Every structure is written in structure tokens, then in C-alpha cells.
Amino acid sequence: MPADKLFQKVLIANRGEIAIRIIRACQELQIPTVAVYSEADRASLHVRVADEAYCIGPAPASRSYLRTDTIIEVAKKSGCDAIHPGYGFLSETAEFAELCAAEGITFIGPNPGAIRIMGNKIEARKVAAAQDVPLVPGMLAELRDDEDAQQAAAEIGYPIMVKAVHGFGGKGMRRVERPEDLARLVRAARSESFNCFGRKAVYLERCIERPRHIEIQIFGDGNGHVVHFMERECSIQHRHQKMIEEAPSTIVDDELRGKLGEAAVRIARAVGYDSAGTVEFLVNGTTKEFFFLEMNTRLAVEHPVTEAVTGTDLCKEMIRVAAGLPLAFLQKDIAFRGHAIECHIHAENPDHDFFPIAGRIEGLRTPGGPGVRDDSGMYEGLDVPPYYDPHLAKLVVWAGTRERCISRTRRALSEYFVKGIKTTIPFCERVMQNEHFIEGDYDTTFIDSRFDRENAAREKPHQEVALLAVVIKAFRSDKAKLGKSTPVPGGTTQADSGWKMSGRIKR
Amino acid sequence: MPADKLFQKVLIANRGEIAIRIIRACQELQIPTVAVYSEADRASLHVRVADEAYCIGPAPASRSYLRTDTIIEVAKKSGCDAIHPGYGFLSETAEFAELCAAEGITFIGPNPGAIRIMGNKIEARKVAAAQDVPLVPGMLAELRDDEDAQQAAAEIGYPIMVKAVHGFGGKGMRRVERPEDLARLVRAARSESFNCFGRKAVYLERCIERPRHIEIQIFGDGNGHVVHFMERECSIQHRHQKMIEEAPSTIVDDELRGKLGEAAVRIARAVGYDSAGTVEFLVNGTTKEFFFLEMNTRLAVEHPVTEAVTGTDLCKEMIRVAAGLPLAFLQKDIAFRGHAIECHIHAENPDHDFFPIAGRIEGLRTPGGPGVRDDSGMYEGLDVPPYYDPHLAKLVVWAGTRERCISRTRRALSEYFVKGIKTTIPFCERVMQNEHFIEGDYDTTFIDSRFDRENAAREKPHQEVALLAVVIKAFRSDKAKLGKSTPVPGGTTQADSGWKMSGRIKR
Amino acid sequence: MAYIVTCNEEEWHIGVEECHPGLYVVHLGGKEYLVDYHESRDNLLSLIINGRSYEVDLDLSDKGEVYQVDIQGDHFELDVMEEKRKKLASKLSAGLSGRQEITAPMSGNVCKVLVKEGDLVESGQVLMILEAMKMMNELKAPVAGVIGSLKATEGVPVATNELLCVVEPAG
Amino acid sequence: MAYIVTCNEEEWHIGVEECHPGLYVVHLGGKEYLVDYHESRDNLLSLIINGRSYEVDLDLSDKGEVYQVDIQGDHFELDVMEEKRKKLASKLSAGLSGRQEITAPMSGNVCKVLVKEGDLVESGQVLMILEAMKMMNELKAPVAGVIGSLKATEGVPVATNELLCVVEPAG
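Read top to bottom, the protein sequences are chains S, P, R and B. Quick note on my numbering: the first sequence kicks off at 1 and runs consecutively. Quick note on my numbering: the second sequence kicks off at 508 and runs consecutively. Quick note on my numbering: the third sequence kicks off at 1015 and runs consecutively. Quick note on my numbering: the fourth sequence kicks off at 1186 and runs consecutively.
Next comes chain S alone, as it looks inside the complex (with noise of 0.2 Å):
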């Protein structure tokens, strides 16, 4: 029970789950919360929990969660001394950041500087190439003109990756494989970061073949004080968005870990980095090489993986270094147990190519037991609306060896039922069951490469018992409509015949 609170009252300037995380973090500190929303997220779980709540525009994102005029002053008038972002909308624009210091409210994230440096791909691969730290090889500056970019490729090598510098989340990327098409490829990469990030820069780099996507947490504080909490493991990506991810990663030995986690606190500390973030790095599987991929300057959606291996609260430890507090961890303090993996609910269909679904929530039944954490922003009677990101839930669980966890997880996700909308919950389902995974022998290019995606026309073991649950459910409603008989809702007659043992197995 702290006797002087971090904070006033907090911000959250986020919806869905991540709103939810941090709203509990805030709550556990015994520090009341403002939710933001837009007119689509009136029936948004983040809206209920939080002790306040108040609507900021219209549906699209431009004109409600990106709307930092607004924001600050829904902060002001309610009296925030804090915003926490979240991750996504306003989480990595420098510019908020800066506003909010001016306003004298804290941004719970880093300083602007390395949000603004960071956020510059070009920058970031300077800052990690004068740590020493291996790069993804390609160029330090962005491309000027058609003749350097055959040139700057000719050095690289095919095939090559264009990428946007200021973009983020899969836009303005484009994978070049011949001189021939790399002119248009570079255009289009161009028009695509204009439309996402509103900066048409770009830059080459090699294209790792088959990598695994390994990042590493890290966190500073305000006195230059800076760890890291190991590694995840997030190669089941699907459109370079994240679906599973895993601590501590197969690849990964100790060696490995230590140049990994090195390598990210020293560029963290080279931006004199103050709060959560995750040094990505692209690792090949065989040789154990490494290289700087990117850095990301927010609370990382996946972090719950890292809290249960490490056993610590980052969403936490954020607000308490946000306001002022020192970093309750040394390096030598941290330390794995366990295994944990992290299944995205996302309201996609996975039988069809993982569209995005939008639709209401008719029933839910979420996992419990040991090892099982729920965090999610569904209730019984939600309509998910199309606007955002298709982020449901996120089911972690943990257990003492890889085997167990996957066990776990496979037992924990069989308890979910979810009415009324389409989920990922099936793919994680198959992926729990593939042997290549199971076996620790995947990279980011597994769902394309080494799993049955389509699984639609898949055997369905149970039509049988669904034809007797409707002739049963049919024959009731039509005796009670007749009124020949009352059908007994609760009847407690024991099945005699219960012994007869039957040949078929269930699933």
C-alpha cells in the first residue's frame, strides 16, 4: 500500500486489451484511471473498468486515438498527471511525447529523443553499427535516386529487402529478388510509406532468408541504469504480424543470450533509453548469427511472455519508472524458470486466410487452471468493431519445460469458447499440434512454409453427436409446443445404460 501514490489519477491512451492491462497495473498501484474512446468503442471493456471515461471522436483512428489535441485535453480537464499509450497509435510518435512534457503531464515511455531516433531506421541501424553491433548488412543512408539504388543492391545482394525508414507494422516493404524489377519495387514501396507514414524515404537491406525473429526486452531508468529480460521468440508471424511468440526461444543457449542481451543494452543505453522496449535482431538458426533488425520504443504487445519467465510486472515497473523511481532490478537479480507461450485471439478466420472478422461476442468461456493467464478485452455481449486492430485476447501460459507449456496450452485452449465470431483460437490449436513447432524447428516463414493453414474441410469427429443434440433439442421443443409431455430441463435420471462402453473415440 504505497503511501504516496506514483500518480494522481492516469490516462490510458489505448483501447482493447492493452487499455485492460494497463488499467489493472494502475489499479494494483491503487491509481484511478481515465479510459478514451471513439464512438465505435462505446461498449469497448476498456470503457466499464476504467473509473472514468470519456468519448473523443468518431470511429476512425485519425479522429479519436491519434487525436493528441484532444487527448492532452481530456488529461488536463480530468485531472491527469499521467498518459500511458499503450502500444500502437501514439505509443512511438515523439511529437506526443513532447507535447505531454509540455503540458507537464508524464509520458509513461521513454524520452522523445530516442522515441524520435529509434523511429528513424536509418538512424537506428547508426546508432546499433557505432555499438559494435552486427546490422542486417545494407545501406546507412536512405536511397536518393534509381542509380543508387542499383548500385547500393549490386554491393548488398539479392535478394534485397526496400523498406520505408519511418514505417512500422509491415508497410512500405517490399522483398526485390531480380536488378530488373528493383526500380518499380522501390516506387511502389515508396507510395505505399507516403500513404501509411506520410514520408516517402526509403533504404535497402539484405533479405535474411528463413530468420528467426528474436528480440530482446530491455528497460532503463531515468538514472542511466538499463537491463535486459532475456529474449522471446516470435517467428510464428503471419503478414509480419505477431501470433505466437515463446520464452526462452529454442535457438537460444546462454552464449547466445548474453551477446544478444548485451548487444541491446548497449544500444539502449546509447540513446539513453528510460523505460520498456524491445531490441529486435533476426537470427539465423544454424550458424547462431545475429542482426539489428529494429527497435521498438514501447511496451511490447507480447511482454507477458517475458513477466512469466521472469516473474516480474513490466506494465508496473513502467509507471514506477515513469515516475521517478529507480529500476527494482539489477541484471545479476534476473533469471528464467520455466517456459512460456503467448496465442493471439484475434477476430480473423484462420480457415480463410486469417480475414479479419468483426461481429458480436454471443458467448465466452475463458481457460483457467494453473499456468493460464487471460488478458482480454472480450465480454459476453461485445460487438468487435471493424475499425482496429483485430486484437482480441491474449492467452499466456507458462509451465515448467517447453513440453509441459505446450501440453498447457493445448489443455488451455481447449477450454476457450467463444460464440459468435471467428477467432485465431483453431490455428493456435494447430499450431500446438504441429511437429515442427513442437519439435522447436521453425522460422518466419512457418505458416507459410510448414503448416496446413486451410484447414476448413478438415474430418469433424463429432457430426454425430450434433445430429443427436438437434433431433433431441427438435423432438422437446415440439413436445412442449404440443404439450403432450413436460420436458424436464434439470432431469437428474441416471443413464442405465451408461456401462455400454462405445468404440469411438473423442477427441
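Source of the hints: derived by calculation from the structure; they are not laboratory data. Bear in mind that the values here come from a model prediction, so they are computed numbers and not experimental data. This list has only true hints and no planted wrong ones.
Capping the alpha-carbon separation at 30 Å, the derived lysine-lysine pairs in DSSO-like fashion look like this:
no., chain 1, residue 1, chain 2, residue 2
1, B, LYS1297, S, LYS242
2, S, LYS422, B, LYS1325
3, S, LYS171, B, LYS1297
Take the given structure of chain S and dock chains P, R and B to it, following the hints.
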């Protein structure tokens, strides 16, 4: 994914949350499960989540869950090669364990000899005494007659406890303040013991005043390897029923932990203990003196507290050891991390002296987020039958420190929503706010001495909100009936005047 | 429209108007509230009142116009009536008797009966002990009075809501 | 009583009788099943069939006699009709047209239209790209044919179920 199953199929001879717990462990080990249920439990969750389910008789436990013959018959006919008894019911019945062995079915628990010795409190005291473990001062033989009683009581000193030799669960016990009450209360205890356990034998023990109830989780395997998993503090009790437990205890330091752990292991070794078990002690909070109380030869109700702080899966380990595998832990591998609190969610009215309540669960939302484990037998639509224990669920919360764990438990309890039935959730919330509990200054008399139980008349700050909600609901319903306007069920209108701050404070 | 809401034996006169779909102006106790009201399911409401957010569970009981309301762990029972209907109803209502029926709150076994017919009892005095769900439970007199009819017998099981005894107003 | 259930275009003739309250004998595919049936809520069933336990979620859709069934992660749509009514209904039913309407599976922005009216398309050919929920989504031709009416325009937002184009059977 174990190549060989530990067992072909496991029957769970229990109900409610512990049956669910065991079924989850079996699912994670990929062992099919068989549930048994009384006629009153047709709707129970354990029937729904098991692979198979068989009715074993009418509601009274003596005609269903205690029917060893029927349960063995179901096990054999359904092809089970093991039975897990859970806690209560047949879990500490040596004859049942023997019957299983005779039928070639593995009893997932300790050997019958250990159950039998420890089920006799006099024998258990003798075992402890032989291992030089301090006992609660008192007799080492059963009471013969009134003369024997007066003499023994005079030696022990008043106040004194009369206890049933074969008793458990707080039955067959009487506290005696004065010699003139002794004969009468011995008769009362004998009579209650006979009614409950079919045996009249009692003995006398000194009544330890304001003790702390601290128990050690121990674990043995078939090879004589015995370890302990540190302590749990279970002093928050009501009528000898544990309500809230935590680990570690606020009064146990490393030295006391070492002594208690060694004493518990010595006792377990002395009886060749080969499963999960609990050695209970009464501890003087000031002097740190401890006294052996009794041993429970089963999986403890509160085992999840120990699982949370030690990172083990005791239930799964029990199944592995019963299958003949050696214990997977050495004593030196076992260490605490952080703090855990368990709250019992009972179907009882805490505002009415914990009166048990049967009824229908009309609505249910369970807590989630970091560090929260929900072990439950509840679902929306369940009719809680009046025939059994009032256990509905256990909330187990973990955090890095005790202070954070209390804050998190409070947050998690506030997320619970159980509609249609009174529960102990408000009681647990009040304990988490109690200054004595927060300071760790409590003992087994806590609920009677340090806690304001009757809280039905407390101020309810949200009455105004309730008034507003019902009039608008009534208004909308009247308007809809009159057809004057069509209410918009999912309106997303922005409240323009949401800016005006209210002066009221939300809980 | 105007309503009379009864809560804890206290009566409230409340006026309500809809100013936008989902947005209501409510007059209560001399104050005006602007309430942003949202229903996700019939009984699961979200209210935002001057910026404060509340989740409210609300059920209309089978018996008529009594609402069961749950807000953040607190339970309320409110009787709602439109003002005009209320005036009519109050003319028809009869006075309540002080007679208290003690019924079994759940099925169980009567272990002990501590009173007999004609006994004077204090409010809160233990009348009998019921064993249910493996627990001993004391049943107490809700008011002071005289034991009228005594139906319960020691050792005899009773069903939920079964009449156990009656406490008549003394004198 | 006898029912005809259609599942995945396959028809099943099923007979059902109640032998005890909650216990049913069902004849299906030449086999007899004894089913212990329990409803906790309208749509949440527990079935025990020869000892095997199943939890079944079951909804009657608004449209009529189509049941939506969920069992352990698998979804089924079943059309149930009493045998006599089914025979009657089948006489009245008409054949289906091969014309396919492509509608927006969710609201979003039409980024790219890749066909024009009159184009011949293969089954599976990408017709247009819809941006929704921050994702690019390809909409494909469900059958081979000719683009009939084309309603979608690049850069124009569309609502769920809005008609985007029609694929007419070729020839």
C-alpha cells in the same frame, strides 16, 4: 508429448473444483478421464469436461461419492487403471486404497499403511515423537475413562482440547476450560465422533492459545526420496475451515523454515510416504515454538499456493509418482519466488455468519490478467446443489512481494462477478483491506478477534447509480411499450457534457 | 416521465427524459444528472455519469417491479413505479403484519431446537441449529416476540423454505 | 417422432423417443443411441452418450430451422425438419441459380479493383482488394464466370454485406 502414457485412463473419485483440477492435469498429460457423479451433480462442470461420465448413485455422499464398490466397478468397466481421490471423500480411507490395489488399479496417493497410521491421531503423534518432533503437549494413548481424563488433564494443564482419535475437519473436538466441564465435554466429543466417524476414541491435548496454523507441503516417491516444498500459512479460518492461505508465512524465517521442513520430512520418511502430503504445525508467532498437529495424507485443498511460489505442478507430479516415476526434484532445486495468496470462494453468505447457500449461478465473470489463477467448478447456468462442501472456486494470486500480492488479490476480487448466489468474495475483499492482515499480524482467531464480520449494513456508495440505472431502464421499457420512440440498444452517442466532473469518489 | 423508486424503505421521486438516443437527463434529489446509458445484453449496462464509468447488472425480478441491481460488489433491491400508477396502488395496499415466519434458508437437518411454543425471545436469539452442507448453522429471531407455531423437530430433515417456526409480536 | 436433418448437404433420417425424463433413445444410421440430455441454459447442453460426455452449444438461428452447433471447437450447421413437414416442403422448393453475388464480408475500403464488367474470370481469381482492420484482403471469384454488374469503385468505402460485383455463369 510422452511416448508412453503414464496411465491408460484415470477415474476421478471427486467433484467440483478439485475434480476439474485433476482433469486438467490429466489432459495436460494426455490421459483420458472418467468422471463419476451423484444424481444431484448431473449438471456439474466436472461431468462436462471429463471424457466419460457415469452416475454412481443418489445425492447423499454415503450413497455415491463414498461408495467404494460402485466406484471400483465403474473404474473397471470403463477401463481405468488409476483413480485419483482428490481431497475429502475417499482420499484418506486406507481401505479404499487397499481395495484399489487388490483390483489392480493404482490409487493416486500414498500407500495404505501411511494413510492408516496418520489417520489415527494417536499413532501420528507417536510417529512424530519418535522423530523428536515437538508435539502439542498431551496424551499418546486414547482416553480410558473419567478418572484417566481428570488425571491427564491435570498433567497437561487447562484449557484443554478433547479430540477424536479418528477425526478430521474440525469434528469431534471440544475445548475445555475447567475441570468440572471435562467429563461432560468428553462425552459430547465421543458422541460427535461416533456420529461422524463411527469411532468413539478421544484423547486430550493442551489448547494452544492464538496459534498460527502453518503447514509444510511434502512429497515422496516410491524410492524413499522425500522433499518438502516449504510452508503455507492457513490461519484465516472459520470453524476450522480454511478461508484464505498464503505462502510464504510472514513469521517464518529461513531458520524456522529449515526446522519445520526437516521435521516434516522426518515424519514422512518414517512412514515411507510416497505421494503429496501435508504436515500441519501450530506455531507460536512470538517465540517461534512449533508443535506437530497432524498430517493430511492427500493433495491439499490449498496446494495451488505452493505451486505458485515454487513453480511446480503438484497434482501432475502426484500422477507421475503414482505411475512409478521418481520424483523430479531434489531439495536444493526447490526455491520460493514471490508471494501467493489463495481465497476460497464458497457458496456462503459472509454477512450472515457464513451460512451456506445453494442456488443457481445466473451470471459469472472471472478475474484475469497477470498473476491470477482461477480454479473453479462454476459455470453460468449451474445449479449449486445443497448436499456437499460449499467450495465453488479458488482464486490464487501471485506477485513479486506480499504487498503487491495483496493489491493484486484485491484487484482480482473486484473483477469477480457472481450473480444469483451469495459467496465469500466480499469477505475476502474485506480481509485484503484489514490492517492486521496487511501487517501479517494474525492467528487462527483472526475472524473472531480482529475482523468485523457482519457488514451487511455498511454504506453502499453506489445507491445513486442504482437509482439512475433503474429509472432509465424503466423509462426505456415504458417507451418501448408505448411505441412512442424506438430505444437504441447500442447507442454510441457522445455525452458532450461528459466534461463536467462529478465530486463523488468511486470505490 | 416521473417515477417513484423505493430503496431501503426510502422513497425517491425521479424524473427522466431522453435528450439523445442513449443519453438521458435525470432529476434526482434536486440535482440534474446527464447519463450516457448503454446496454450490451439485457441486464448488463454501462453508465457514464458526468465522466464516471459504472458497470451495472440489473434484473427485473419475476415478482413484478422489483429490480435487482449489482454495482461493483454492492447489491440493491429497488422497487420502481411510474408516479401515477404508484398513487393508485398505494390506495389499495394493506398494512403488513409484524408476524415473522422463520423458514429453512436451505435444506438440511434440524440438529437442535432451543425454544418451545410460547417462549419469549429476544431479537437475535438463537432459535435452532440447522446442519446443512456439513456445517452447523444458527437460526436467529429476526425480531423480539413470542414463539407461535413451532414446526421443526430435532433430528428431522427440512427442505428449503419449509416453515420452521413463527415469531409473533409480543403483547 | 421422425426427423430429417441436413448437414453438409447430406440427409439423415433420425427417430427419437423419450424413455425417461431427460433420457432419449435415438435411431440414427442403423444404430440405437441412449442419450442422457441435460440443459443448463437454453443453449448450453450436456450430453452423455454411452458414457461419453460432450458439452454442446446449440442455437436456433433467426432464419428458421437451422441450428448452429458448436462441439469442442467444431462448428456445424444443421437443418432439422420433422419428416412429414419436410416432404411437403420439398415439393415447393425451387432450384438455385448459378449467379454469385460478391458482397463485402466486412466494412472497409476498396483499395483495388482488378476486373471490369464483362471480364471472364477463373474460379479463385482475385477480383478486388479490400482494406479492413488495417489489413489488405483479397476477394476471389467463388466460381468461373463473367463479371456482370460491378458496383465497387477504388477508394470508396463499403459496408458489410454491400454488393461489390456479380459473377454470372459463363455462356
